[in-house]
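*Asks:* Residues per chain are reported as follows:
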Amino acid sequence: MVVRIYIVCLFFMLYQTQALAAEWSGDVSMQWRSFLRTPLAQNPQQSQNNFSLAIQPEFYHEWDNGDQSLTFEIFSRIGDVDAQRNHNDIRELSWLKVYDGWELKAGISKVYWGVTESQHLVDVINQTDFVENLDGEDKLGQPMIQASVESDWGVWDFFVLPGFRERSFSGIKGRPRFSPLVDVDQVRYESSKKDQNIDLAMRWFYMLGDWEIGLSQFNGTSREPVFSPGFKNGQAVLVPTYLQMRQSGLDIQSTSEDWLWKLELISRNWRAKNFVALTAGFEYSFIGIQESDADLGVVLEYLYDSRGQQATSFFQNDVMTGLRLVLNDEQSTEALLGVIVDVDSGESFISLEASRRLGDAWRLELELRGFRGVNKTGLLNSLKRDDYLQLDLAYYF
Amino acid sequence: MKKIIFNIFLAVSLLGGSLNVVAETAEEKGLAIAVEIDKRDTGFKDSTVKLKMVLKNKQGRSSVRELRTKTLEVTGDGDKSLSIFDKPRDVKGTAFLTYTHTIRPDDQWLYLPALKRVKRISSKNKSGPFMGSEFSYEDISSQEVDKYTYKYIRDEDCNGVGCFVIERYPTYKNSGYTRQVAWINKQEYRPEKIVFYDRKNALLKTLEYKDYKQYLNQYWRADIMQMINHQTGKSTDLSFQDYQFNTGLSEKNFSRNSLKRAR
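Taken in order, these protein sequences are the chains called P and A. Numbered according to our numbering, the first sequence spans residues 1 to 397. Numbered according to our numbering, the second sequence spans residues 1 to 263.
Keep in mind the hints are simulated off the structure, nothing from the lab. Ideal Cβ placement from N, Cα and C applies to all residues, glycine included. The reader is advised that the hints may include incorrect statements.
The following label-pair restraints were derived from C-beta to C-beta distances [what the hints assert, rightly or not]:
#1 P:A83 to A:Y243: 50 to 60 Å
#2 A:Q59 to P:S292: 15 to 25 Å
#3 A:T48 to P:S267: 22 to 32 Å
#4 P:A335 to A:D211: 34 to 44 Å
Take the sequences, apply the hints, and build the full model.
*Replies:* Below is the structure:
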């Protein structure tokens, strides 16, 4: 009987794929990562070169005149030397219904808040997929019920977030990684409900001419862990603890012809203490440089955290300078070079991302990340030999 | 204002016939033609269409772009449009929302599906190529009367019909053109051909409109628009499919929030 229902469902899906607005798409990518230096002496298991494959297929089906839809997207990486990086994740499995003036979404999904480039302070709904990338832009799917109401007084988003996702960390062979190793098996929670705490969030978004303003509130388990020293089999490890937090966020962007002015500000309360952090800056665009079709953007952002050296982020008094080159050519070639410099210590983080389409369905991406002048103490110290160059070749279907 | 000028023009033409038309300056006649084009294209409320672009380089190698565009007519300001990209497949799902304005800069947003991020972007880049094609953003954006000043040049036959030849000069900042010469079909007040001159006033591109069809007994749309770049030898054929008008789209289909669910 169950088998029969399953077959009926399968036939229904195949039939839908052909007859209605249902579709499969996605990409398969090969990734080659080469670390430019030998690993730290205490991490002999780490390797110099790494090759892996990733696949990210998506199924989308809509009905009810497009007012209802189902999206299913999974992500898998295989072949990496680091077992922790070979992971599967449901990025999206959600049902969306659009009503008159509001919409409802239920399932696993992803939400992006914020405006700045160097870090993403106000963006706290989804957990970071840290083994995928250090930049915090890869996210794990988050179970949620979301209601979004559009009114003359802005857009109101309400979230109920059941089920917490732990941040992913590199395993013993993984690079880049913190040293000592983060032991996810010993994970701790402040909440007695551990990862079953139901988090609540809301956001108000308002647009006034060239100004866009977002105000957000999040009450629940922090996506960012704090670390405490621990032991596993006699070896020192870092134990992640997820605290309860109340965070208020503000993000503003002002857009004029040449200038984008940006601000992200958070006030977070955890462990009965309060701190604030902000990112503020601008992006200025030079259009059609040297009589060509290419645009050059200059990005400048200041990163601040009131906790100073006690900050859990690396950016307590830092300046990010960036250059964004967009060729506007047939292959959509673009590159973003960014350098974040710590004003106090002089430590710097360098990042280059560039990509170009090959033919009609392929895309080549280059990524370079490096650390310079890293001081002897601090968490960054363990990453100081993990500069890497990465090439991704993706086929889109 | 547009209406007043048009009414004056109409009254003048009805009363005086050719005598009064002669009394017009070339600028007035050019503007009157532009106002008539705009008037005949008013009232469609909204439209949806599928676009296919074939980009060809000098060597004849080609690549394809596919997108779908929804347009909402806005009275008293520029139209709103939402474009969703289907091909090339690495940009599939990327969506582009524009509120065009007559004088002040357009408002533009980009939706990046991989990050689920809506980005407000600078609309300064009028002259930049649209998806690597020979069409620039200013070529494909909503054509409003106030975006140019005009000058009537002469009458001339084009494609076997009588045409007005007018010149138009962009009034907005950051245009890639000093002027455009347009051949306007006298009968239907629709463009048959436009020749573009770059910032140095050198011949840059020619756009030809082909296979016009009439919708709702009023609105003329070309099935094919062919753009040739004389300076690079590249060309782009833009073809339109499944035009639908007055489909009941409203402001909510063009809100910033709607970008996130655009498919």
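*Asks:* Decide, hint by hint, whether the structure agrees.
*Replies:* Evaluation of the provided hints:
Judged by the Cβ atoms, the range 50 to 60 Å given for P:A83 and A:Y243 holds: they are separated by roughly 54 Å. Range check, A:Q59 to P:S292: Cβ separation about 20 Å, and the 15 to 25 Å hint holds. At about 45 Å, the beta-carbon gap between A:T48 and P:S267 misses the expected band of 22 to 32 Å. One distance hint, 34 to 44 Å for the beta-carbon pair P:A335 and A:D211, holds here, with the actual separation near 40 Å.
Figure legend: structure checked against the earlier numbered hints; the only hint not met is number 3.
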